[in-house]
Amino acid sequence: MASEPRGWKDLPLAALPYKLSLEYKTGDWRALRPVIDYNKCTKCMLCWLYCPDMAVLWDGEKIYINLDYCKGCGICAHECPVKAIKMVPETEAEG
Amino acid sequence: MAEAKSIPRIPPEKQTLMAVNGDEAVAYAVKQSLVDVVAAYPITPQTIIVEKFSEFVANGEVHTEFVPVESEHSAMSACVGAAAAGARAFTASAANGLALMWEILYIAASLRLPIVFAVVNRALSAPINIHCDHSDAYGMRDSGWIQLFVENSQEAYDTTIQAFKIGEDPKVQLPVAVNLDGFFLSHTLENIRMLPDEVVHEFLGGYRKPVKTFVDYLGKEVDVALDPANPLSFGPLDLYDYYFEHKMHQIEAMKNVPEVVRRVNEEWYELTGRKYGDGILDTYAVEDADVVITVIGSTAGTVRHVAKKLRNKGYKVGMIRIRMFRPFPFNEIKELLKDVKVVGVMDRGISFGSYGPSFLEINTALYDLSEKPLLVNYVYGLGGRDAPPKDIEKAYMELLEIAKTGVVKERLKFLGVRE
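Respectively, the protein sequence lines represent chains A and B. Here the first sequence is numbered in the working numbering, starting from 1 and rising by one per residue. Here the second sequence is numbered in the working numbering, starting from 1001 and rising by one per residue.
Simulated from the structure, these hints should not be mistaken for laboratory data. Hints may contain errors.
Stated by the list, open to error - Below are the BS3-like pairs computed for lysine-lysine, each with C-alpha atoms no more than 30 Å apart in a straight line: (1) B/K1313 to B/K1409; (2) B/K1247 to A/K9; (3) B/K1171 to A/K19; (4) B/K1220 to A/K25; (5) A/K9 to B/K1255.
Unchecked claim - Covered by chain A, according to a simulated footprint, are these stretches of chain B (three or more residues, beta-carbon under 8 Å): (6) 1109-1123; (7) 1213-1225.
Please read these numbers as outputs of a predicted model, since none were measured by experiment. Glycine included, C-beta positions come from ideal geometry on N, C-alpha and C.
Please model the entire structure based on the sequences and the hints provided.
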């Protein structure tokens, strides 16, 4: 995404995208960020199952959020049976 | 601009003479055009096209995938899917059915899918009416489709085949609507000449071949067609960052259309001995005319008849039939009308609160002239109201009177309506 946006003469025909959708970082849209309290998390994976953007990931030990694609919809927090996920305003989130 | 290899002319006696109506003429053209997918929903006066074509499918005369969908919205959607997969796709509709397709029309055009669509022109409801006017075609004016209008059933056959070649041209890649007047053409028997199947196949270059484009993430040129080996996404999200650039592609593609329509008209002439003006405008006696009427569709036959009659009486009148409405031939119209005193623009439809749509275009075409012809818009024939020679003659006589006085009392007139 670092390069200059292309002019119409350099775009593929038929409005086909020239790059993969993975390069479209939809995490930019997020206003609320899911923050996980690992002391509460039971690794039930319901958040992983419900996330509409496949932005909840599992590293073999614990779940974590891929902030490149998390739009902050809050479904994970809503579905979490032990209330381990809190939606925090981006302005107040760390990092 | 001749093809690398021209096909030898098929003389008229080698062409099959058949008595068919306009809808059947279209169905036979589609049958011969190696169409992979037909998806359609019945609506009068288009129904005969799909009815006839489904007979061809049932009889095993074609191997087209026939999709009897549940609505016109689905018909156009199925054509979009088929064409995106690289297929040659066809559908047909009219009036309210066409209106139901509306959002998908824009998608077909912006994804550059050369679908051919027979529009059997019919008035839009309400009140419900099954007869001819052009309000359905005018409604899809801005959707990005090429719009061709035919005068008779022979031209409906010819133009349907031509439409595949025009739309699939590598410089065009746009969908084409072939418009024929409901009932006046669709349900009226006429003798037409048809080419042998294999000649049509050769004219079209066989089955549809998708064009190629370079896709960065694949690192190569690929067919613009859905293929698991070279995955593509058609029409994904495009916000303020790229939407405008992609609209430029459509604007540019439209610029290439007139040349291709002209060339295909010439190639068709070489092959069949038939042509329709220059493919864009079909004229009669315009060169030295004081008064010219412009018209779209089957009414052109009546206008030409009346113009000839008046010419024989010494009146300097002519006519222009607009065969291609989108893209609109602004320069060609300007050149033809620059020395004319008065132009009567006939529209079988109206933009409520404005004028007939072709009047607006012709006004625009003439704006740059330092000396402009006077213009009168005749809205006529709504809901299938007949436009008999006496009405056309009345219009010509009014226009001749304006040529004498130089005064246009009413710019928007209604021909054939009761007060």
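For each hint, the structure was consulted:
1. B/K1313 to B/K1409: 26 Å, holds
2. B/K1247 to A/K9: 12 Å, holds
3. B/K1171 to A/K19: 24 Å, holds
4. B/K1220 to A/K25: 24 Å, holds
5. A/K9 to B/K1255: 15 Å, holds
6. 1109-1123: With 4 residues close enough to chain A, the hint holds.
7. 1213-1225: Contact hint for the segment 1213-1225 of chain B vs chain A: holds, 6 residues under 8 Å.
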